[in-house]
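Read top to bottom, the protein sequences are chains A and B.
Quick note: the first sequence, position 77, residue 105 per our numbering, numbers continuous.
Quick note: the second sequence, position 247, residue 281 per our numbering, numbers continuous.
To be clear, the hints were calculated from the coordinates, so they are not data collected in a lab.
Just to be clear, a hint being listed does not mean it is correct.
To be verified - The calculated lysine to any residue pairs, modelled on SDA-like cross-linking and capped at a C-alpha distance of 25 Å, are:
hint	chain 1	residue 1	chain 2	residue 2
1	A	K166	B	G210
2	B	K48	A	L121
3	B	K48	B	R136
4	B	K48	A	A143
5	B	K48	A	A197
6	A	K166	B	T60
7	A	K166	B	T36
8	B	K48	A	A201
9	A	K166	B	A308
10	B	K48	B	F66
11	A	K166	B	G120
12	B	K48	A	S122
13	A	K166	B	S117
14	B	K48	A	L163
15	A	K166	B	T40
Unchecked claim - Which residues of chain B face chain A? A few of them, derived with a C-beta cut under 7 Å, are:
hint	residue
16	T40
17	L43
18	W121
As the list claims (entries may be wrong) - Partial list, derived from the structure: chain B residues whose beta carbon lies under 10 Å from chain A:
hint	residue
19	T123
20	R305
21	L307
C-beta atoms are modelled at their ideal positions from N, C-alpha and C, and glycine is treated no differently.
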Amino acid sequence: MTSNLVIETRGLTKRYGDAIVAVDDLELRVRRGEVYGFLGPNGAGKTTTLRMLLGLVRPTSGTAAVLGAPPGSPEGLARIGALVEAPAFYPYLSGRDNLRVLAGYAGVPDGRVEAVLDEVRLSDRAADRSSTYSLGMKQRLGVAAALLKDPELLILDEPTNGLDPGGMAEMRAFIRSLGEGGRTVVLSSHLMGEIEQVSDRVGVIRAGSLVAEGTVEELRGQAGLRVRAEPQAEAARLLVALPDVAAVTSVDGVLDVTVDTARAPAINRALVQAGIAVSELYAQKASLEDVFLELTASGDDHR
Amino acid sequence: MTRNVTAELLVLRKRAATWILLGIWTLLGIFFSYIIPYALDPEDATGGVEDFFPESLAGNLIVGFPFFGGVFALMLGVFALGSEFGWGTLKTLFTQRPGRLRVLAAKLIALGIVLVPFVLSLFAAGAVASFVIAQIEDAPANWPSAWLLVRALGAGWLILAAWATLGVLLGVVSRGTSLAIGVGILYALVIEGLLGAITDSVSVLEPITNVFLRANGYSIAAALGASFDSIESNGPGSYNGPFVGSVQALAVLVALIGAFVALTGFLLRRRDLA
């Protein structure tokens, strides 16, 4: 275990019977201090993976170390805050009492309860039963519970589920701020925008396997230009002959040019000087959504 | 561990079901031990109207523990863990600092503490009822010895604890409350009740019925002064024997508690929490 790695799994696998492989030989590395986006379609194995990392589910094979400890061990759990799937609380207890129960189990002083309630802006409703909370308030209470131990590692599974757009934006900003304090955050989601906005690095999981990993920029791949010009065939011939242009492909009447986007003025000039009419020329990068759809398109998931 | 138990006591203390069960148990206990039999025909009791006087407090009340009290304790035990599966709160607790077995230990200790008011409330209400009856009958209020009372309170708690741990086990096995309570009551009525009833004629069953909660609970009750008549005519909780020695009965109850707790711990530790 390298000390820079907060989470490291080797061949982590979870099978349910012979037919269902929820997580398949997963190799995951999460570095200290980063916000790691764990992206995958519904049923890809994200929650099962997180449950294994928390010791809630036993792997069928493979190993995992979380903060240098086996999953579910008291020494590891003492430094981890988690919100797995829907936040679960005693419905008849107030938000404050729910946190007091968890503080009692986590061994943190009761004073932390008020601090985290304040942090997630729930202090004014803390005395109300948690069953009367809106979905957004329950999510915030879940995050408060995860923050109780002032953890080194936060594991948040779909924390914006059920939130309205305002609530989602607020939660993302909150997660980003949590990551800025040097804390490691693992954020699981099936929402590309969410992952794109808050993550330092992203792991894409499909059918239980990690199919891509890197920064958002790395996953998006090399930037390029899109050019609409007439006559198109002549424009393509000219472009492919230019220095620094790696490739030119025609898609729906538009030329995709693989080249450094800083070369746009020179390319425009070359086309115009050759008598080619340029009606559009703009920089284009693949969106994370494109990458995600491409990576997960063939997934036939049952998780 | 102290803070774990304190947290768990908060969960049990603020739960309405705890107080509802306590209230019903106390009311039913007094109604069926004192108010109804005294109102109907006090001379019908084995020892006549004296059975309702304070001196018979221990024997008169303890007879309600092995079955009726047991069912209440079983429900309390089921709620203590079975509900956590439905709410998903066990998952939240298991991602806190202590391991699964420490969480279970905290829950069991808290449950054991909550059983204390169940025993005390019935005895307190019984003391009031017996005192009032003695006043009505113009009889002296002679109280049982403190030692007998302490033994009766302890025995009552142990009997309830045995049923409560069975409830905890059923709650964990079924990962919920409804099935666990159904199976628990079915066990109390059908398995223990029917098998116990035919043990007299089918002696081969005796080794089995001797480890039943009902057999050992009533054996302790009998040792504390409960009349055999009241045990044999205890409605759906009636028991005709055979009775075992009180030391053996205590040992069996402690062993059953140990077995239920061990099995619960094994399941809770081994199972995935999906």
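Consistency of the hints with the structure:
Between A:K166 and B:G210 the CA atoms are separated by roughly 23 Å; this keeps the pair inside 25 Å, and the hint holds. Proximity of B:K48 to A:L121 is assessed by CA-CA distance (about 7 Å); at most 25 Å being required, the pair is judged to hold. With a C-alpha separation of about 22 Å, the suggested pair B:K48 and B:R136 falls inside the 25 Å cut-off, and the hint holds. Between B:K48 and A:A143 the CA atoms are separated by roughly 23 Å; this keeps the pair inside 25 Å, and the hint holds.
Using a Cα cut-off of 25 Å, the hinted pair B:K48 and A:A197 is violated, with the two alpha carbons roughly 35 Å apart. Distance check on the hinted pair: A:K166 and B:T60 sit about 37 Å apart at the alpha-carbon level, beyond 25 Å; violated. For the given pair, A:K166 sits about 28 Å from B:T36 by alpha-carbon distance, which is inconsistent with the 25 Å threshold. Simply put, B:K48 and A:A201 have alpha-carbon atoms about 35 Å apart, too far for the 25 Å limit, and the pair is violated.
With a CA separation close to 20 Å, the supplied pair A:K166 and B:A308 stays within the 25 Å bound. Between B:K48 and B:F66 the CA atoms are separated by roughly 28 Å; this puts the pair beyond 25 Å, and the hint is violated. Proximity of A:K166 to B:G120 is assessed by CA-CA distance (about 17 Å); at most 25 Å being required, the pair is judged to hold. Taking the CA atoms of B:K48 and A:S122, the gap is near 10 Å; set against the 25 Å cutoff, the hint holds.
With a CA separation close to 19 Å, the supplied pair A:K166 and B:S117 stays within the 25 Å bound. The straight-line distance between the Cα atoms of B:K48 and A:L163 is roughly 23 Å, inside the 25 Å bound, and the hint therefore holds. The suggested pairing of A:K166 with B:T40 holds, with an alpha-carbon distance near 24 Å, which does not exceed 25 Å. Interface hint status for B:T40: upheld, as the beta-carbon distance to the closest one in chain A is roughly 6 Å, under 7 Å.
Violation of the interface hint for B:L43 is found here, the shortest Cβ-Cβ separation to chain A being roughly 9 Å, above the 7 Å cut-off. Given the 7 Å rule on beta carbons, the hint for B:W121 holds: about 6 Å separates it from the nearest Cβ of chain A. About 5 Å separates the beta-carbon of B:T123 from the nearest beta-carbon of chain A, less than 10 Å, and the hint is met. Interface hint status for B:R305: upheld, as the beta-carbon distance to the closest one in chain A is roughly 9 Å, under 10 Å.
For B:L307, the shortest C-beta to C-beta distance to chain A is roughly 4 Å, which falls under 10 Å, so the interface hint holds.
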